[in-house]
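Chains A and B, in that order, are what the protein sequence lines are.
Heads up: the first sequence begins at 0 in numbering that gives the first Met the number 0, then just goes up one per residue.
Heads up: the second sequence begins at 0 in numbering that gives the first Met the number 0, then just goes up one per residue.
Calculated directly from the structure, the hints in this document are not laboratory data.
All figures in this text were calculated on a predicted structure; none of them were measured in a lab.
Hints should not be assumed to be uniformly reliable.
Cut-off 27 angstroms, straight-line C-alpha distance, at most; resulting in silico cross-link-like pairs (DSSO-like, lysine-lysine) [as the list claims (entries may be wrong)]:
(1) B:Lys-258 x A:Lys-80
(2) A:Lys-142 x A:Lys-126
(3) A:Lys-126 x B:Lys-258
(4) A:Lys-126 x B:Lys-259
(5) A:Lys-69 x B:Lys-259
(6) A:Lys-69 x B:Lys-258
(7) A:Lys-76 x B:Lys-355
(8) B:Lys-355 x A:Lys-111
(9) B:Lys-259 x A:Lys-76
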Amino acid sequence: MSYENATLEPMRADTASPMLEVDDLNVYYGESHILRGVNMSVFPGKMVCLIGRNGVGKTTMLKTLMGILKPRSGNIKLDGKSIIARTTDQRARLGIGYVPQGREVIPRLTIKENLILGLEALPERPKHLEIPDEIFELFPVLKTMLSRMGGDLSGGQQQQLAIARALMGRPRLLVLDEPTEGIQPSIILEIEAAVRRIIETTGISVLLVEQHLHFVRQADWYYAMQKGSMVASGSTSQLSNDVIQQFLAV
Amino acid sequence: MLSGLVDGIFSGISLGSVLLLAALGLAIVFGLMGVINMAHGELIMLGAYTTFLVQNALKNTPLFGIYIFVALIAAFIVTAIFGLILERGVIRHLYGRPLETLLATWGVSLILQQFVRSVSWQLVAIVAVFCVLFFGAMTIVARRTDFERIRGWFLAVMLPLSAVSAIAVGNVLGATYKLAFTKEWFGARNVDVTAPRWLRGGLPVAGTQFSYARIFIIVLTIACVVGVYWFLNNTPWGLRIRSVTQNRTMSACLGIPTKKVDALTFALGSGLAGLAGCAVSLLGSVGPNTGQNYIVDTFMVVVVGGVGKLAGSILAALAIGTANYLIGSNTLVDLTAPIQPLSDVFAFFSTISMAKVLVFALIIAFLQFRPGGLFPQKGRTVDA
């Protein structure tokens, strides 16, 4: 074990209370123990990146956060209130916007319908189903193809659509699972810039799972996972080459 | 010659529209949700029996002339509620397990067939008392925090207790009120629905007659298809249904209440089966086995049309209906009379059951070339 430089310090609290708090979470697939007592927190307006090699439980962590997987023990708090007993759709309506790995755009709905579905997460459905201009400012490519089927878009376009769809519900916490996976470099830069801008303009928190180093560096804080446990965390400005070697599959 | 052709086309379309009406609910339940509901035919039968009951209730009242519209609404509501119970009680636990769903719904279909045979006030009383006792106790006990732990005990005590008391109550009531209480409502024999006067007879066209009842069914089918299209494409719940049926997990992550959507979709499909039952009752007598006659045909329609495509179901229903009629009647025999061998072949198949054999053979041959049906799913997400 060689993480002398890595420390497991909790994220510093420069505001009163965390937006998201995960406490001693244990998740199993059948009898195999996937998440082993995971703790983490995300503070308001911050971007937190979860790093680690393939198969250490990053996606499992996010799925448990959304309620797709049920933990055996532990607690998850959103804005101080436990959401562990809530169903997936209730969690979405409490303000967690989820962009899953593989995008999961609804294939046989148009881009517009996909975006409209993003409004489902709002506590009250607005009377006029309009797509705000901010969405098109962030992702201009979507405006030109509103009537095309979601399933016919390229991977990069689907990723932009998935992020835009999550933003339609005005989430308090945006959860992104490997948004740059399998996407050409120029689009990666666009997505990075968009996420950065979302945080600056809306002040929401972002929890990101990412392998792409350039994107990881944009975050305020990192948590590193290994074999289902958090093994290191700290400010990304102090993310040393050792830690990168250790936890990012470069 | 002309009158024969016009008659053939009209009868084909009318047969097709009955098939389509019966298949429309299944196109939603099987096509969109992917649930193999073998009890769909029995939901059609329940719709037909509801029509019979409404007819009897409104007989000798001024409303009798329009009883069929009351029956349509009643049939839709009754079967939708039945579908809702079926979804909440059985199918909900079996999503993603097609084989178990097939067996369970087949069992439900047998139960429903026997239910209409033996339903009487006594049976209704027994079922009602059992439900009140058992589910009443369950709602009270389920408030306890340790319900999961004592669940086994609860079932072991409450299930026989409710059953015994329900049967006891039923027998006491039966002994008190005698035959009025124990007499079966329908029995095993078929019952007949008489169409209101304005649906009897027919419209004379080009030397033949278009029966008003069949015209009514065609109009009803068109109205249902348009209604379903409009509902799925232009309402918020329609959008939710389309989203959930394509990607359940992601829809939940977007904040769509998936359980509510499932229940609503299934209730809608079942309600449409009820409307079909109402239409079927106009065509002939209604019996406990009525549903069996339709279930295979309706699955055929959905599969030939392309699972999940309403437009495909429409075309497939019309094609199968017309083919069935043209082969089953003597129309093709007459048309091919100049070519003796061909005419002999069609003559061989020109009974209703043999026509079905030929149509099924044609469907099997068709599916060899187009396994996805008339309108298979397209796009880059098909295999995913």
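Hints versus structure:
{"no.": "1", "hint": "B:Lys-258 x A:Lys-80", "verdict": "holds (24 angstroms)"}
{"no.": "2", "hint": "A:Lys-142 x A:Lys-126", "verdict": "holds (21 angstroms)"}
{"no.": "3", "hint": "A:Lys-126 x B:Lys-258", "verdict": "holds (24 angstroms)"}
{"no.": "4", "hint": "A:Lys-126 x B:Lys-259", "verdict": "holds (21 angstroms)"}
{"no.": "5", "hint": "A:Lys-69 x B:Lys-259", "verdict": "holds (21 angstroms)"}
{"no.": "6", "hint": "A:Lys-69 x B:Lys-258", "verdict": "holds (17 angstroms)"}
{"no.": "7", "hint": "A:Lys-76 x B:Lys-355", "verdict": "violated (62 angstroms)"}
{"no.": "8", "hint": "B:Lys-355 x A:Lys-111", "verdict": "violated (45 angstroms)"}
{"no.": "9", "hint": "B:Lys-259 x A:Lys-76", "verdict": "holds (26 angstroms)"}
Violated hints for the displayed structure, listed by number in ascending order: 7 and 8.
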